[in-house]
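Protein chains: 2
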Amino acid sequence: MVGAPLSKTSLPSANGTRTTTTLSSDSVLALNTGDPTVFEPFWQKMGDKCDVLIRGSDLMSYYSDKNNVCWFLEPELGDAIKRLHGVVGNAVTDDRHIVLGTGSTQLFQALLYALTAPEPEPVSVVSSAPYYSLYPEMIEILHSGLYNWAGDAYTFNEDGRPYIEVVNSPNNPDGTHREAVVNGGKGKVIYDFAYYWPQYTAITSTADHDIMLFTLSKCTGHAGSRIGWALVKDKDIAEKMTDYIAISSIGVSKESQVRATKVIGVLCDGCENVGLAESENFFEFSRNLMAKRWQKLRKALKHSECFTLFKHPREHCLFTFEFTKTLPAYAWLKCKEGIEDCNEFLRGLKIVGRGGKAFGVDPIFARVSMLSREDEFNQFIERLVVATKGISNGH
Amino acid sequence: MVGAPLSKTSLPSANGTRTTTTLSSDSVLALNTGDPTVFEPFWQKMGDKCDVLIRGSDLMSYYSDKNNVCWFLEPELGDAIKRLHGVVGNAVTDDRHIVLGTGSTQLFQALLYALTAPEPEPVSVVSSAPYYSLYPEMIEILHSGLYNWAGDAYTFNEDGRPYIEVVNSPNNPDGTHREAVVNGGKGKVIYDFAYYWPQYTAITSTADHDIMLFTLSKCTGHAGSRIGWALVKDKDIAEKMTDYIAISSIGVSKESQVRATKVIGVLCDGCENVGLAESENFFEFSRNLMAKRWQKLRKALKHSECFTLFKHPREHCLFTFEFTKTLPAYAWLKCKEGIEDCNEFLRGLKIVGRGGKAFGVDPIFARVSMLSREDEFNQFIERLVVATKGISNGH
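From first to last, the protein sequence lines are chains U and R. Mapping to the working numbering: the first sequence position 2 is 2, numbers consecutive. Mapping to the working numbering: the second sequence position 388 is 388, numbers consecutive.
Simulated from the structure, these hints should not be mistaken for lab results. Quantities reported herein were computed from a predicted structural model and do not represent experimental measurements. Be a bit skeptical, because a hint or two may be false.
Same chains, same names: a pair is fine if it fits in one copy or spans any two.
[To be verified] Taking lysine to aspartate or glutamate and the EDC-like style, the derived pairs with C-alpha atoms no more than 16 Å apart in a straight line are:
#1 Lys240 with Glu140
#2 Lys240 with Glu137
#3 Lys296 with Glu337
#4 Lys188 with Glu322
#5 Lys350 with Asp26
#6 Lys66 with Glu239
#7 Lys292 with Glu305
The following block holds chain U by itself, in its conformation from the complex (with noise of 0.2 Å):
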């Protein structure tokens, strides 16, 4: 009648490494997501700074602050994630209303409901191509009678009509800064800034917009906690979010939130002694991993017969005083001429990517996480250099 007890031995051993398995040259490099275990290091390295400890009776309530207009908000994530843009420098934060969600992806559904609702006919969602490959299935999965995908936002003719164009900057997949390209009358703006930080991008300017949508996952490597928020000016719009939010899951988990409060909090602080050791700044530990990757990367394409990359160009950035390179979450792939399918061809080296078509473009483009674990992301090089390498030698 009953499982095996269950003692504190027992408890997940929660580091995530249930999921690594010993690697070889013929295992399955599943690389389609951007799950960003690439960040564990630090977070190790930071050892008891973020311990937090949540007792038996703690958390209990759906409530988290009655008088705020997102009730369901901890107060202190509040207050950690005005301090992180502040830290940063990537957004502005007052007068603005903050919405938390189950990660950024419940945001944007709550978003499609409160710029929509009730309009009488489906309003046009549309985002300029290459664009993130989830937006179409979720803007579609329900048919909603609210809104509808209406794809490419450079073909897109408004035509007078209310429209929601939602742009990505820096963009998944391919890393380059977006602004809106509708520019219609009746058009809404979602800046999706999953990507806004410093290890990804240069900080080029304090986004000032209606509403912008941040998530943990990207920011800090935690996507296993599900926390997003959204800045959002106009108090109607979060309002109709957060009761969106209320009626598809009755808030955001409060163990979540304190955990979040708790790595933004050590986060800001590392940030902020600037006396302290370059590794524990966690922007500068993370853009110098993603540097290496990008170095790797670049180094083992360089002679390629098979791919070429995107290049960017360097910016000032306001975190870092510096002008500095763009190092994308993602390797977005083109094919050379004679490979028609950029997906076909890494399955053959058993790496799993995903196609262009999923993001709106042609095959010839695939798009690589460049947020694995270490073993995994250097699996990836040698297979590309194996590739690379076959094909010179006429194979």
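Mind docking chain R on chain U? Use the hints.
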């Protein structure tokens, strides 16, 4: 540029007391939601037994178990859920897939998707009145082309078409045991067992349906964790539900999962160690609490000229081995002649309930939570007594 630094002491005290204010006879009593803070004292008594420590580098990945249908479910939580149902005897877990959700609210929506896509015509969803007031809201919010709300199951004419019936047993709001009532050939049934736990009702049989929903909120009282689970027989349905949760929130908080694993483990230990004090058995403790509250409520309304209460039969319980009373999570109040709007009448007593119309029935009914903190509950009873006296005295 920067907010106040976060130190350990400025972390959330996380005891959920933030929303408790000093109550006076003039305070507004918000008893319109089922926030289950009534169970806090049990978990406070457990001291450090349920402590969970999470380190900075724990649980960073999106994935928990890539080999499981529900790849974001921590295997230890899956084991704990099976153990819990084994201990209580309220549901079969053999040959079932466990799908995890951000509360059972998210799972309900995952089921609507899984049971309808890709139907060409919207599928009707019904539930017998009085039905849980959130069902119509969840179904209608996005104007989905996959399903629509068709109201009271008793008056539904299925006409040979596909439909979904939601059976909530014991039923929110009225605490009655329910069975499916439509019985059409093309119907699928969702059993919502949020309240099928020994503190509320006799466990009359081990439920063995194809689709069953449960939530931690109403079992242990940990509503802030947003943990729900579905027991699903059909693998295709479990996969589609998992897909929905992946698209709508990329899984479920790992921190909440670790906490739920611990809490459920301690609960099961307490139930199984028969030699221990009664106070260590959560269901005995919580049943006693509910029994005392119901006794107070029935006493307060014994000579009431305003309200009547539904009478539930005693039933034999497989968990306690006794004939036990039904002790619903809500008081389902019916006004006596002369009062037409029960919720309005309650508002006059500064009690916020939820009116019958939201549950698909007459406004002479209203629902009031029985799960509030002790001081709120006692205020509620006091006001009912005063109201009754007032009317008896001809006021």
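Of the hints stated earlier, which fail here? Of the numbered hints, 3, 4, 7 do not hold.
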